[in-house]
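Required output: the full structure, derived from the provided sequences and hints.
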Amino acid sequence: MKFYVCIKQVPDIDAPIQIKNGNLIQDTDRTVLNAYDASAVEEALVLTEKHGGEVEVVLIGPNQAKETIRKALAMGAHKATHIETREESYDSSVYASILASFFEDKDYDVISCGKQSQDTDAGLTGSMLAEHLDLPYSTNAVALSAQNGQLRVKRQGDAGQELIALPLPCLVSCSNDMNEPRIPSLKGIMQSKRKPMETIALDALEIDESALEAKTAVTGYREKPKREAGQKFEGEPEETARQVARLLDEEANVV
Amino acid sequence: MSTLLTHIAISDGKIKRSSLEVLSHLRRQAEQHGHQVEAVIIDAEASRYTGQVQQYGPSKIYTVENPVFKNHLNAPLLKALEKVIEQADPSLVAFASTESTKDILGALAAREEAAVLSDVSTFELTEEGIRATRPVMAAKILSENEARGDMILVSVRSGSYDLEEQASDAEVIEIDFSVDDQDLRATLEEIISSSGDTIDLSEAETIVAAGRGAKDEKGQQLISELADVLNAGVGASRALTEAGVMDPSLQIGQTGKVVSPQLYIAVGISGAIQHVAGMASSKVIVAINKDPDAPIFDIADYGIVGDLYDVLPPFIDELKKIAS
Ligand SMILES: Cc1cc2nc3c(=O)[nH]c(=O)nc-3n(C[C@H](O)[C@H](O)[C@H](O)COP(=O)(O)OP(=O)(O)OC[C@H]3O[C@@H](n4cnc5c(N)ncnc54)[C@H](O)[C@@H]3O)c2cc1C
Ligand SMILES: Nc1ncnc2c1ncn2[C@@H]1O[C@H](COP(=O)(O)O)[C@@H](O)[C@H]1O
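Residue numbers (UniProt numbering), protein chains in the order written: chain C, 1 to 255; chain X, 1 to 324.
There may be inaccurate statements among the hints.
Restricting the straight-line Cα-Cα distance to at most 25 Å, the calculated cross-link-like pairs of lysine-lysine (DSS-like) are [to be verified]: (1) X:Lys283 / C:Lys224; (2) X:Lys290 / C:Lys226; (3) X:Lys140 / C:Lys20; (4) X:Lys140 / C:Lys232.
According to the in silico footprint, chain X covers these stretches of chain C (three or more CB under 8 Å from chain X) [as the list claims (entries may be wrong)]: (5) 117-126; (6) 137-147; (7) 213-224.
Keep in mind that the hints were calculated from the coordinates and are not lab data. Even for Gly, the Cβ is constructed at its ideal location relative to N, Cα and C.
Here you go:
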């Protein structure tokens, strides 16, 4: 099976953040492989280890995002394409259009995405890309298997888990509830340096000007109003427990 | 004057409260800006729900009724929305942010070449489109966004707006709809539903959430006793859904559900930012944890430092007394 996994470099949400004049400023330039994409890579590796095939990762981003591509190669992906952009970041619909133009002349069985970006939680690119490529798709997958030329997806939906069979080729967006992504071994890291990585300039992809124009814009950031810590009770559990129960009734009026 | 369309989500034979919240908000916006609000119900028994939707003041209700909508499948849902949009020609389509919405929102935006903002906490109309607030960075930060264009799609987090009735005698328009196998594109083989008649967490007034600290059988027993006394929904941290102790649909947080109950009781949960992302807008938060430095205490209105096995029995006992 041929898997393409779309991976994104995102800021590490655990790193300290500040807001200055409405701009988001991270004290470090710590970035990571989007956790949901790491799960997508892991699952593609597991399925190709079982059924044979190849995993290729695709990333759109500036030069410094190569670091994230190497992480996926060190996990075990076989090769990579880096669609290189300048520093700016785009909205989901622009990323989806760029990816669509990249995939136009490619052969594959499955395109995997993460279910959302860890920093923005947008959750749009996967199904947008499926629509552009006219592929059957499923989102929020929590388990995958391959059988009889189909991809079988367990999807976390509103009414429970939906077991869906998709004909190939198809697209799936993955939840991190799917698996625990492997930590690259030293050998994996060494090998990653020799794996093929093709870099394509964004301009080389002949994308419609209008598709590169974002229809949405972030106009600013602000601090979320902080929740103050309330009362903390330490001491005899028998007493504190009863006291808090009564406060919920008499003070907070929520029971 | 343009048309603002609200999608009415149906789940388990009931209208999702969150889509009525969106409809209420949109009706107020329409009044302010001189637009009209319409609603669309796509379900196997869509016409059953028109009476209730009329109570929230849309001027038209489109229904798309077909047995295929008994369960969620993205391809027919997209086809139905496309048909309704063609007829209603809306400038804005608003959704409650459910798992079904998340499954189709991007694809619909691509199909309609519409601008889209997902999972907003508030939004309002502007001259060119909408302005909306979205939580980002695991909900530590709020971002201000604009979307513009001839058509805009938006999905709204549950609990963002109050319900407000305003009865109308909205005209009901049935949309002719059929599907063939070709349209389905995928086969739904099975639905593995979560155990029985559990309370919908996104609409629950009270939630008792269990974390790794309450992993064993005795912990689970105490959790369900506590939930029973409070008539609460039971939620979980990822530590417990991952371990298979709790059903995955009960996970609360960045990957799981976003909830905003009146009362949230976190038992044996450390308060990792990805968990907090899903519950920080609860009205009152209670934390029970044996580690006095657990980050959950930083956002808890009432924190009890102690072993949950010692704390919960008297806590449950006292709540029983209050209830009776
Ligand atoms: C991309 C991403 C998305 C994620 N999404 C989610 C999500 O949606 N939801 C989510 O929950 N997590 C999510 N996580 C995981 C999250 O980071 C934490 O790992 C998880 O929330 C921890 O669960 P926990 O608090 O139950 O466990 P722990 O962090 O292990 O905490 C257990 C707590 O229980 C306390 N405890 C232990 N024994 C007792 C006792 N006897 N009495 C009282 N207290 C006790 C301990 O002091 C500790 O504070 C995500 C992570 C990533 C990277
Ligand atoms: N710059 C990018 N390069 C490659 N894939 C991307 C990029 N941006 C988004 N994606 C894919 O889309 C998913 C997230 O979509 P969204 O939440 O809409 O940003 C990610 O998990 C990736 O699979």
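Against the structure, the hints come out as follows:
1. X:Lys283 / C:Lys224: holds (15 Å)
2. X:Lys290 / C:Lys226: With Cα atoms ~24 Å apart, Lys290 (chain X) and Lys226 (chain C) stay inside 25 Å; holds.
3. X:Lys140 / C:Lys20: With Cα atoms ~15 Å apart, Lys140 (chain X) and Lys20 (chain C) stay inside 25 Å; holds.
4. X:Lys140 / C:Lys232: Holds, at about 23 Å.
5. 117-126: holds (count 9)
6. 137-147: holds (count 5)
7. 213-224: Holds, because 10 residues of the stretch 213-224 of chain C bring their Cβ atoms closer than 8 Å to Cβ atoms of chain X.
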